[in-house]
Amino acid sequence: MSQKVYYYLDSSALLEENFYTVVEALLGSTPDVCFVLDNDLEREIGLYRALGKAEEALTLESFAALLLQLGNTVRVETAGGFDADALVPLAKEKLFVVTQQQKLVDNYASLGDTVSFVSFDGKELVPFSGSTSINGAAFCPEKDIYVNPFDGDKLSYVYSPRYGYLKLDKSKEYSGGEGVCYPTYNGMFCKLYYKKHITYVNYKKLQAMVNMRCSNPYISWPLDILYYRNQFVGYLMQELTDTRSLDELRDDNFSGFRILDRFIIVRNFLSVIEYLHGKGILVGDMKLDNILVKPNCDVHIIDAGSFQVEDYACNVCHKEYTERIYTGDDLKHILRSVREEYFPINKIIFEILMMKGPFYSRDNTEIDGDGSREFSFPMELPTDSGAELPYHMKVWFALSPAMRQYFHRYFTEGKVTYVTEWLRELDHYILSKTAPRQTN
Amino acid sequence: MNTNGFFDDLDFGDFSAPSSGSSRKVPICLVLDCSGSMRYADGTKRPKIDELNYNIDAFLEYVRNDPKASKICDLCIITMGDSVHVISRYNTVDRIHFGHFAASGGTPLGTAMKTAIELLTERRQYYRDNDIEHYKPILMVMTDGDPTDSIADISERVSEMVANKEIKIFPVGIGVNFNQATLAQFSPLLKPKLIRNSEAFDKLFKLLSASSSNPNDDSLEKWFNNDF
Numbered sequence: 001m002s003q004k005v006y007y008y009l010d011s012s013a014l015l016e017e018n019f020y021t022v023v024e025a026l027l028g029s030t031p032d033v034c035f036v037l038d039n040d041l042e043r044e045i046g047l048y049r050a051l052g053k054a055e056e057a058l059t060l061e062s063f064a065a066l067l068l069q070l071g072n073t074v075r076v077e078t079a080g081g082f083d084a085d086a087l088v089p090l091a092k093e094k095l096f097v098v099t100q101q102q103k104l105v106d107n108y109a110s111l112g113d114t115v116s117f118v119s120f121d122g123k124e125l126v127p128f129s130g131s132t133s134i135n136g137a138a139f140c141p142e143k144d145i146y147v148n149p150f151d152g153d154k155l156s157y158v159y160s161p162r163y164g165y166l167k168l169d170k171s172k173e174y175s176g177g178e179g180v181c182y183p184t185y186n187g188m189f190c191k192l193y194y195k196k197h198i199t200y201v202n203y204k205k206l207q208a209m210v211n212m213r214c215s216n217p218y219i220s221w222p223l224d225i226l227y228y229r230n231q232f233v234g235y236l237m238q239e240l241t242d243t244r245s246l247d248e249l250r251d252d253n254f255s256g257f258r259i260l261d262r263f264i265i266v267r268n269f270l271s272v273i274e275y276l277h278g279k280g281i282l283v284g285d286m287k288l289d290n291i292l293v294k295p296n297c298d299v300h301i302i303d304a305g306s307f308q309v310e311d312y313a314c315n316v317c318h319k320e321y322t323e324r325i326y327t328g329d330d331l332k333h334i335l336r337s338v339r340e341e342y343f344p345i346n347k348i349i350f351e352i353l354m355m356k357g358p359f360y361s362r363d364n365t366e367i368d369g370d371g372s373r374e375f376s377f378p379m380e381l382p383t384d385s386g387a388e389l390p391y392h393m394k395v396w397f398a399l400s401p402a403m404r405q406y407f408h409r410y411f412t413e414g415k416v417t418y419v420t421e422w423l424r425e426l427d428h429y430i431l432s433k434t435a436p437r438q439t440n
Numbered sequence: 441m442n443t444n445g446f447f448d449d450l451d452f453g454d455f456s457a458p459s460s461g462s463s464r465k466v467p468i469c470l471v472l473d474c475s476g477s478m479r480y481a482d483g484t485k486r487p488k489i490d491e492l493n494y495n496i497d498a499f500l501e502y503v504r505n506d507p508k509a510s511k512i513c514d515l516c517i518i519t520m521g522d523s524v525h526v527i528s529r530y531n532t533v534d535r536i537h538f539g540h541f542a543a544s545g546g547t548p549l550g551t552a553m554k555t556a557i558e559l560l561t562e563r564r565q566y567y568r569d570n571d572i573e574h575y576k577p578i579l580m581v582m583t584d585g586d587p588t589d590s591i592a593d594i595s596e597r598v599s600e601m602v603a604n605k606e607i608k609i610f611p612v613g614i615g616v617n618f619n620q621a622t623l624a625q626f627s628p629l630l631k632p633k634l635i636r637n638s639e640a641f642d643k644l645f646k647l648l649s650a651s652s653s654n655p656n657d658d659s660l661e662k663w664f665n666n667d668f
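So the sequences go chain by chain: A and B. In this text, residue positions in the first sequence follow the working numbering: the first is 1, and each later residue adds one. In this text, residue positions in the second sequence follow the working numbering: the first is 441, and each later residue adds one.
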């Protein structure tokens with residue numbers, strides 16, 4: 001008996017334009033081909049339909065009907081791509097996982113060598129090449145050329161090649177981990193680095209960023225490099241008005257925002273992250289202070305100068321919002337991975353929604369107490385619910401079951417739900433809460 | 441799952457968010473020596489008690505005006521002199537009012553520390569009961585001389601709490617005559633910091649201010665770790 005060859009087709013692949021050509025080609029060339037569909041497909045079809053994306057829903061539906069008609073298609077239950085157990089018997093023969101999603105590559109990696117991950121490049125199936133970089137080495141020369149940098153707080157004006165001489169408004173200042181910001185003309189902001197951050201690496205990084213295009217209005221991208229007496233001292237960016245940081249909002253219990261607004265804030269935040277990750281950029285120093293919210297729930301990310309761009313590292317971190325502890329010069333030398341960034345992403349969106357940290361419990365009221373990162377939010381409603389649930393628990397149980405799963409999987413097993421999937425679920429959820437209610 | 445229809449009715453706005461007041465706190469307790477010997481200058485420009493009063497004022501002023509510290513700083517002040525006096529139980533700064541401290545009497549350090557731990561335990565229970573998250577409690581104890589009561593039991597208890605990472609203690613010795621070994625008994629991790637001039641007083645309270653608005657700022661700890 002000849003060996004069967006299984007092709008697991010996930011929705012991200014099925015939705016690629018002209019994907020039917022792959023199915024045709026496989027049917028024609030491989031005699032023992034078997035297709036594998038995930039039971040989650042129906043849920044996704046439902047989500048697309050609810051979001052008004054009829055074309056996507058129809059495409060997935062037609063594929064499912066077509067493949068099941070062929071007779072050699074099997075269904076598997078993977079709990080939304082998180083549980084690889086059902087694929088183990090298939091992997092013993094030969095299994096190709098056809099996907100455009102990093103998540104499946106991560107979660108099915110445990111299946112071993114007989115699994116190949118492939119994606120569709122528009123013409124044919126090619127080996128999967130994700131955007132997730134493994135930790136590489138950052139650009140970091142041993143000796144820095146700036147031997148005698150200026151002190152930013154002693155300057156009263158700076159020079160920008162694009163905007164000319166800029167006077168610093170010293171009556172206002174905002175200090176951060178790497179430097180101080182002062183307002184200047186025309187609604188612009190000057191960030192002047194502290195001496196130790198005026199480095200050749202930072203200069204080269206800003207040069208790369210200024211030359212790179214960033215059309216996303218929700219990111220305070222560097223507009224130009226700032227100089228004093230021909231020496232680089234910082235960068236220029238757009239000033240944001242009428243915003244409050246997430247840190248401030250958290251201490252105010254998000255007063256002025258409804259619960260639904262908090263879901264919209266999460267949505268808007270994740271869509272900025274999706275944009276950045278899509279360009280291979282990491283926020284790096286992702287923390288509540290660097291995320292600003294407008295009254296209309298628009299979310300802006302500031303401090304772009306510390307982003308991880310190309311092979312320029314992010315030199316700062318916040319211990320509450322990093323997965324692992326960096327010591328000494330680690331930060332200068334290491335490039336972080338997209339995966340690592342999901343720690344702050346999950347923690348921050350959890351805090352926006354529940355207004356408590358994910359590791360909070362009655363027995364562990366201390367924030368980031370040493371090593372106590374234990375997630376104890378229950379998946380099922382407590383049965384002895386005689387007493388009223390505390391606020392954060394009410395919100396927790398008001399999330400969609402899928403969202404609870406996403407958090408639970410991440411904080412207990414480290415399994416990542418990528419931003420795209422989060423956004424789809426959030427859109428559906430927000431829509432369901434804003435649509436007019438049907439009354440019987 | 442039996443929800444008794446609770447979540448069917450759950451629409452947004454049906455349950456209200458916790459009312460005003462931050463749900464994140466940084467508990468700070470100051471145990472201050474106001475014994476008779478504080479009346480003298482000891483390396484400082486002014487009498488030690490004046491330095492203390494001046495710096496406490498500046499610290500409170502900072503916390504009151506800092507948008508973050510004013511919300512999250514949960515402050516408790518205990519003085520020791522003629523007796524142990526709780527100036528303020530844990531509270532936000534806008535609710536703490538008192539005049540300047542006067543120096544007289546001995547240094548009942550043992551009793552003062554016992555009071556501090558009792559109040560902290562009580563506060564932690566309050567956090568638990570009211571679903572308030574908090575950063576690691578900070579306990580700063582400042583003294584210029586030898587204790588006039590027993591510290592054996594309480595220093596052991598405090599050391600244990602520090603070792604279990606339940607609290608952070610910052611022991612401060614004022615002037616040149618204080619007994620370093622005594623304070624060290626409370627602090628298994630950080631060596632007591634000696635303060636013998638006005639600048640050091642300033643520095644200490646500036647760093648404490650930074651901790652009150654940014655609990656992740658570890659510059660106070662770093663300063664303590666510098667050469668004694």
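Worth double-checking, as some hints may not be accurate.
Stated by the list, open to error - Calculated pairs, DSSO-like style, for lysine-lysine (alpha carbon to alpha carbon, straight line, at most 27 Å):
(1) A:K294 / B:K643
(2) B:K631 / A:K195
(3) A:K154 / B:K643
(4) A:K170 / B:K631
(5) A:K196 / B:K646
Bear in mind the hints are in silico, worked out from the structure with no lab data behind them. Being a predicted model, the structure only gives us computed values, none of them experimental.
(request) Would you list, in rising numerical order, the hints stated earlier that this structure does not obey? (result) 1, 2 and 4
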